[in-house]
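Protein chains in written order, with the numbering used here: chain A, 1 to 245; chain B, 246 to 490.
Just to be clear, a hint being listed does not mean it is correct.
Stated by the list, open to error - Residues on chain A that point at chain B, a partial pick, calculated with CB under 10 Å:
| id | residue |
| --- | --- |
| 1 | Arg-80 |
| 2 | Leu-92 |
| 3 | Leu-136 |
| 4 | Ala-154 |
| 5 | Gln-236 |
Unchecked claim - Partial selection, computed: residues in chain A whose CB lies under 8 Å from chain B:
| id | residue |
| --- | --- |
| 6 | Met-83 |
| 7 | Leu-87 |
| 8 | Ser-94 |
| 9 | Leu-116 |
| 10 | Phe-121 |
| 11 | Ala-143 |
| 12 | Val-201 |
| 13 | Glu-205 |
| 14 | Ser-232 |
| 15 | Leu-234 |
| 16 | Gly-235 |
What the hints assert, rightly or not - Quick list of the computed label-pair ranges, beta carbon to beta carbon:
| id | chain 1 | residue 1 | chain 2 | residue 2 | range |
| --- | --- | --- | --- | --- | --- |
| 17 | B | Thr-354 | A | Leu-108 | 32 to 40 Å |
| 18 | B | Gly-360 | A | Thr-159 | 24 to 32 Å |
| 19 | B | Arg-449 | A | Asp-177 | 42 to 50 Å |
| 20 | B | Ser-461 | A | Ala-164 | 47 to 55 Å |
| 21 | A | Ala-103 | B | Gly-360 | 52 to 60 Å |
Don't read these hints as lab results, they were simulated from the structure. Beta carbons are placed, not taken as given, at the ideal position from N, Cα and C, and that holds for glycine.
Single-letter residue listing:
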Amino acid sequence: MLSVRSRATILVVAVLLCAPAGGRAQAASARGTALQEPVAPPSPPAEPPSTAGGETVTGDDSEFEPEIPSRSIALGPAGRGDMVVSLDLGWLRSGVRGDIGLAAWLDLVLRVDALLLYDGFGSHSGFYLGLRASPLSQGVLRAGAELTVGQLFAPGENTLTNVAAIRGSATAGVVFDLATLYGRADIRWLSSMKSRGPGWVHDGELGIGVEHVLGRFIVGAEAYVWTRPGLSTLGQWRLRAGFAI
Amino acid sequence: MPGSRSSVVAIVLAVAACANRDVETTPFRIDASRSDGVSFVVDVPAFYRFEGTARLLEPTVLLVQGASLPDTPPFDVTLRFRSDAPGGVVFPPQLDGSAVTVVLVSDPTGIDPEGEPLRYPALRIATGAAPDLRHQFAMVDAAYAGAGTNIVTIGPVDPTDDLPFFRVIADWTEFEPAECGPVYYDALEVLGDDERFTLSRGERRELSIGAPEATSWKVLHVLSWHRHGTCGDQAEAWTQFAAWR
Numbered sequence: 001m002l003s004v005r006s007r008a009t010i011l012v013v014a015v016l017l018c019a020p021a022g023g024r025a026q027a028a029s030a031r032g033t034a035l036q037e038p039v040a041p042p043s044p045p046a047e048p049p050s051t052a053g054g055e056t057v058t059g060d061d062s063e064f065e066p067e068i069p070s071r072s073i074a075l076g077p078a079g080r081g082d083m084v085v086s087l088d089l090g091w092l093r094s095g096v097r098g099d100i101g102l103a104a105w106l107d108l109v110l111r112v113d114a115l116l117l118y119d120g121f122g123s124h125s126g127f128y129l130g131l132r133a134s135p136l137s138q139g140v141l142r143a144g145a146e147l148t149v150g151q152l153f154a155p156g157e158n159t160l161t162n163v164a165a166i167r168g169s170a171t172a173g174v175v176f177d178l179a180t181l182y183g184r185a186d187i188r189w190l191s192s193m194k195s196r197g198p199g200w201v202h203d204g205e206l207g208i209g210v211e212h213v214l215g216r217f218i219v220g221a222e223a224y225v226w227t228r229p230g231l232s233t234l235g236q237w238r239l240r241a242g243f244a245i
Numbered sequence: 246m247p248g249s250r251s252s253v254v255a256i257v258l259a260v261a262a263c264a265n266r267d268v269e270t271t272p273f274r275i276d277a278s279r280s281d282g283v284s285f286v287v288d289v290p291a292f293y294r295f296e297g298t299a300r301l302l303e304p305t306v307l308l309v310q311g312a313s314l315p316d317t318p319p320f321d322v323t324l325r326f327r328s329d330a331p332g333g334v335v336f337p338p339q340l341d342g343s344a345v346t347v348v349l350v351s352d353p354t355g356i357d358p359e360g361e362p363l364r365y366p367a368l369r370i371a372t373g374a375a376p377d378l379r380h381q382f383a384m385v386d387a388a389y390a391g392a393g394t395n396i397v398t399i400g401p402v403d404p405t406d407d408l409p410f411f412r413v414i415a416d417w418t419e420f421e422p423a424e425c426g427p428v429y430y431d432a433l434e435v436l437g438d439d440e441r442f443t444l445s446r447g448e449r450r451e452l453s454i455g456a457p458e459a460t461s462w463k464v465l466h467v468l469s470w471h472r473h474g475t476c477g478d479q480a481e482a483w484t485q486f487a488a489w490r
């Protein structure tokens, strides 16, 4: 099965091949008018007629895939078979993330993060694995949801404690030519060490961000608040840079 | 354009702000003063036990009259803690006019979370006289080293049929991003004769212990935490709770 990128390449080549042929036909037509040469009867078309843009529609519709939407870190999808790798540098949390397109609307998400600027790898560092669905991925308005599970590691003086983590996220944005604006809401559950079985605490994040695409590169910035039930809400930020592979 | 340049600098600084936040702790600040002017604080941590008659002067001020220690003439002791104690803790009103047995712990090296002197880490009051004691009140306000502890200076070592057992369980899920490293919120485990539970910060719960007709204990866990990185004289770990009938 051809990828979207391969099909796009074929279409571009086809258009490029068609364009000079059309030009030659027009020139011949002009010469024919001047020299009064007999016009040969048109040969029957071997393929269905072209559309106005010169694109030829063939094949099975079931293999049709929508075009890849504008690239984004915050908003999916990455595109089937494609990948977006991104770096976050922020306060408190920084990390590396990979979004691998499993289907036109579904990405596999891998993420590793730490409180790098604050404490290096000395406090909560962790990894997550999950899925991001982007049911609204065409057009100006885009939205998606993500669910990941993972482990956080908290080093003590002579110990290393691991904490299970589950994170759910919803993101919606508006895609303009110049930039993509988005907002997101996350909720995270962490297993705590209750003496009678695991207990869970939760926190959340509410953020707004902007991204700009430069070819295969994506740069962005985000401001968000870290909400913690029973504790103060803390303002956070992160700078983002991504690369579409 | 100096004005616009300074604005840009201000914005950059605002974005680059890496805010810290320390845990807010309000110690009970147990204090004890003797009518004979002798201090309970000596060169080493000490454990005093004296009997007397209690007079409730204020909700958080208790006068114990006719107290005595070996080789000393009787004296009065004024016990107090801050009037705006967290959780609204006060001395139980049933102490007023009762014969009481007081256990008071003093520590010449005791500090509060900021490293300021805090010489009385624990207090326990029972009505009656040994061996027929009925504990009514316990308060702990203590810094210690490490992460979590089974040695809470209020004793006893094991649960009794009259007084619950307390210990601090180190937890790693919630923290404050303090200046010199994260401060993790810990949990307080409470054991009765047939009941055990864990309290997070600010939580309170009743506990039945001893005879069925005995008045239940009310336990308030104000706050416990441990640091992963300290500045100057800061306490490494802290626990603060109160229990009363």
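Violated hints - listed by number, lowest first: Going through the list in order, the structure violates hints 1, 3, 6, 7, 8, 9, 10, 11, 13, 17, 19, 20 and respects the others.
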